[in-house]
Amino acid sequence: MTNAHNVINETTNFYAKSTAKTKAVTCAKNDSETAGKFGLLIDYEFCTGCETCVVACKKEHDFPVGKWGIRVLEDGPWQKIDGEEGGRGFNWNKIPVPTDLCDLCGKRTARGKIPSCVHHCQAFAIKYGTIKELAKIMVEKPKQVLWFPRVT
Amino acid sequence: MKSAMQYKNDLGKPWRYNEDEFEVIRTSMWSPPGCHPVGCGLKLYVKDGVLDHVEGDENHPVTKGRLCPRCLALKDYVYNPSRIIYPMQRDPADRGKADKWQRCSWEDAFALIKEKRDYLAATYGPECMAVLSGTGRSGGIMVSDMAQAVLGTPNACYTQSGYACYQPRSAACSHVLGAYYPEIDYAGGLEETYDNPEFVVPEVIVVWGKEPLPSNGDGLWGHAVIDMMKRGAKLISVDPRVNWLSCRSTVQCRLRPGTDTALAMAWLWVIINEELYDKEFVDKWCYGFEEFAARINDPEKGMTPNKAAEICDIPVDVIYEAARLYAKAKPASIAWGLALDQNQNGNQAGHCLLALMSITGNVDIPGGQIIAEIDPAPGVAIDAKSQAAALADLKKAAFSADVKSDNVSKDLLDDSLTTTRMEVNLDKADAASDKSTAEDAARPTRRIGWDALSDELKQKTIGMKEYPMYVNNIRNAHADRMFDAVTTGDPYPIRMAWIQSTNLLAPTCSAESDKWYQGLLKCEFNFATDLFMTPSVQGLCDLFLPLSTCAEKNDVSMTHYFGSPVTIGAINKAIDVGETKSDAQIMIELGAYLQSKALEGMFIDAEDFLNQRRANVAKMSWAKLAQKVNFQRGVNYRKYETGRLRPDRLPGFLTPTGRIELWSTAFAANGEDPLPYYSEPAFSPYSSPELAKKYPFILTTGARTYAFFHSEHRQIPILRELNPDAMIEIHPADAAELGIASGQWVEIANDFGKAKFKAKLSPIVKRGVVQAQHGWWFPEQDGNAPNLYGVFQSNCNTMIANHYNSKLGYGAPYKCNICSVVPLKESYDTNMSVVDSKFGKLVI
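If you're matching them up, the sequences are chains A and B in order.
Letter 53 of the first sequence, counting from 1, is numbered 53 in the working numbering, and no numbers are missing.
Letter 327 of the second sequence, counting from 1, is numbered 1327 in the working numbering, and no numbers are missing.
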């Protein structure tokens, strides 16, 4: 079996574990290096662009029409060339990007709840934790992006 | 600093609990607002009787806390300033005048309905009344009850031409498969879902004419497809248009719109001729396979991959690759969607897809297609001896030449049915023991009033003469014949309409919606049950009865309307708003007020209705279901072996032959070809080349958005801003030829109508095809007639003609029409600050 296959198998197992219970990743206690340094790890292989994070954020913060705490940006759609590297069909990725207004749901996390976008994501594609811990998960599979919106 | 252990969830919480200053009510949502009955888990946070906010409920076995934007915006719907929460009345002379409504009491409203109904029924016969309904609301599935039990007219009607939503497929299910809709297995009915040892992740999921992620069609949780992709499932996409799932598919078949039957027949050609089918299953459980194979190979009516490649406009290699990948995958499932219904060839497309699922042995197996178990008839138990005898009979019957003769077999079918049919009193008995069709058996909630109608009245159902299978199967008047009745008085005029849970003038459902409007204006009295002043109510009605949202009533959500063994959920009431009532309350209270014979003594109140007709399917009382919130039905696989697909508990399927009828005795008995065939869409470059010169684009409509459910949610600013304008997708090369810039408004037109859309230049549509959004009206615009909130501005349904149905009356060309595209100079862009200023400030 090639390395590529190992990675796919590992990531398959990795996904299989993603349930409601594991959306907030374990993070180290009392680590001065990670204090206040929380982020969002977003799997844009599986973000479907459903806008759930956008509306969940908006309701949580009561942002008015025209202002957002997170937005789904698009890469594509454009036609790839069949048979060449990168696969066939279309390139079309949806990538949620926190805005300047993202406070990582400070009020929620203070009450022990995970951020609303993480809680509601229909594809289980957003994880919340310390940058350090999320970075470890990031190397487990490609097509992820790690956002560090602010020191909380 | 927090460790993960400190992040809490609400797993294991009871159905009601307190958290800080809130009472939290766990519920399983479905309608209103309209949606499909997934029954997504919600926690409603209530303070002092007011809904403060909502959150996804982690306890839901399928959704696990996940929610879509529409439920997240529920509060903005419940307390929307434009919502109608008291009954209102208006003089029929003032239809279309927005400021003429007067608040009235429910008593006044019921008295007015009684006066009109008693007079019209006595003068013209009860059939002069119609109840018109739509999709996605809990009232929709009660349309027959409203018409036949409450008003006493046979004319319940879903107004979409050819009932081109679900019914072309589900008619094929009832008659070919002898079971209700076979959904993809996503372990929703099993404890621990994907981790249940009985479940097998499908190797391949075919997504055919469906966008499950935004649509959640009929209760399939769309993002379950993502869950299964993460667990290794590969995808095949069959869709003219590129979508998110098709980008991640191993094979994509981007066929020409409306040619699905040709493609499915070509897949069957490959699978049959390369002997990739499950011979044992076919031999044991399928009826008429040789005839079916002969049809697929027939030089004239058959379909080779080369012929299909030409018809469907896709490379022939793709057909071979897709068919082989599907047939060799064990297990494999097909998520089949609305696109199969929305052409005249829909019954045949459904027939072919059922044949694909069947001959590959994927019916009722883990990771394949799941079907609902039905209850045994009273007193019937599984008995090994009679099962063995029945199996032998099955074999014999299956090879009987009589059944296959051309002049089928009316006698044989009747004989066959009388052996299983039992007379039951539906008022008293468990309705599940009624089994005139597989659909009835799987969905024991239907036909509350039908059996109380006289035979004479049943025969007067509009469309009974022309389309008896359609009318009898769903106890609905035929939509296109109802259009004739409303617009021309043929076979007789409609004088009163109850417009319930449908905004039929908006481009959601009815075809030639502008003509429906003119026709319904002729009625003497119209009334509506709804939540918002839609253009349909504003233009046509004299009385508005306000409905409760799902936060304000007790009700039940059931995947596939009970037709699929996934979940049954309790919709738990959390708040009161105004003087609204639920559909069930209105049915029972108005029925009592009108002294309905059909409903007499049937239900004490709405809870009694939930006990008898909803929670009973979960084999528990409403009160118990309310506390459980979600009930997983459990799944027994391969039920054809154990008798659990038939009320008599004999093995096999609920068809006259007891097998999956690849050669359909029911189609034959109703004058339709018992085998599938391809027919070209009525309007296409091939069937109407002269017209196509004038209208060179293929027009498809109805692609889903996350922001809206059909015509709903346009007045919710935070959803509207996700999709402010009525959009049409056009290929950039086509746009360049026509001089259309990105974001420019265009007018599309054909011989029947025209509509304006904002152009989105995108390569996701094929060249020569445009995709227009449906459902548009503009609640921020002037409501007075003739504007009616701009309902005819971007109304693509004015361009769909009635009466282009299959021989049996099903299907219509909503997704395979033709049009011209002309750029406009004007802009019709929505001003979001106007929408926000009108609807942004909630009324609590």
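Simulated from the structure, these hints should not be mistaken for lab results.
Errors might be hidden in some of the hints.
What the hints assert, rightly or not - Listed next, the stretches of chain A that the computed footprint assigns to chain B, with coverage defined by at least 3 CB atoms under 8 Å from CB atoms of chain B:
1) 37-49
2) 66-78
3) 89-99
4) 102-115
Stated by the list, open to error - Under the rule of at most 20 Å between Cα atoms (straight-line distance), these lysine-lysine pairs were calculated in the PhoX-like manner:
5) B:Lys1841 <-> A:Lys67
6) B:Lys1047 <-> A:Lys107
7) A:Lys107 <-> A:Lys94
8) A:Lys94 <-> B:Lys1573
9) B:Lys1234 <-> A:Lys143
10) B:Lys1234 <-> B:Lys1279
11) B:Lys1597 <-> B:Lys1694
12) B:Lys1328 <-> B:Lys1234
13) B:Lys1328 <-> A:Lys107
14) B:Lys1756 <-> B:Lys1075
15) A:Lys143 <-> A:Lys67
16) A:Lys113 <-> B:Lys1234
17) B:Lys1756 <-> B:Lys1825
18) B:Lys1825 <-> A:Lys67
19) A:Lys107 <-> A:Lys37
20) B:Lys1597 <-> B:Lys1075
21) A:Lys141 <-> A:Lys94
22) B:Lys1458 <-> B:Lys1301
23) B:Lys1624 <-> B:Lys1114
24) A:Lys113 <-> B:Lys1385
25) B:Lys1284 <-> A:Lys67
26) B:Lys1458 <-> B:Lys1013
27) A:Lys80 <-> A:Lys94
28) B:Lys1458 <-> B:Lys1328
29) B:Lys1760 <-> B:Lys1825
30) A:Lys94 <-> A:Lys143
31) B:Lys1234 <-> A:Lys141
32) B:Lys1075 <-> B:Lys1760
33) B:Lys1807 <-> B:Lys1838
All residues carry an ideal CB built from backbone N, CA and C; glycine is no exception.
Worksheet item: Which of the numbered hints are not met once you compare them with the structure shown?
Response: 7, 8, 10, 11, 13, 14, 15, 16, 18, 20, 22, 23, 24, 25, 26, 28, 32, 33
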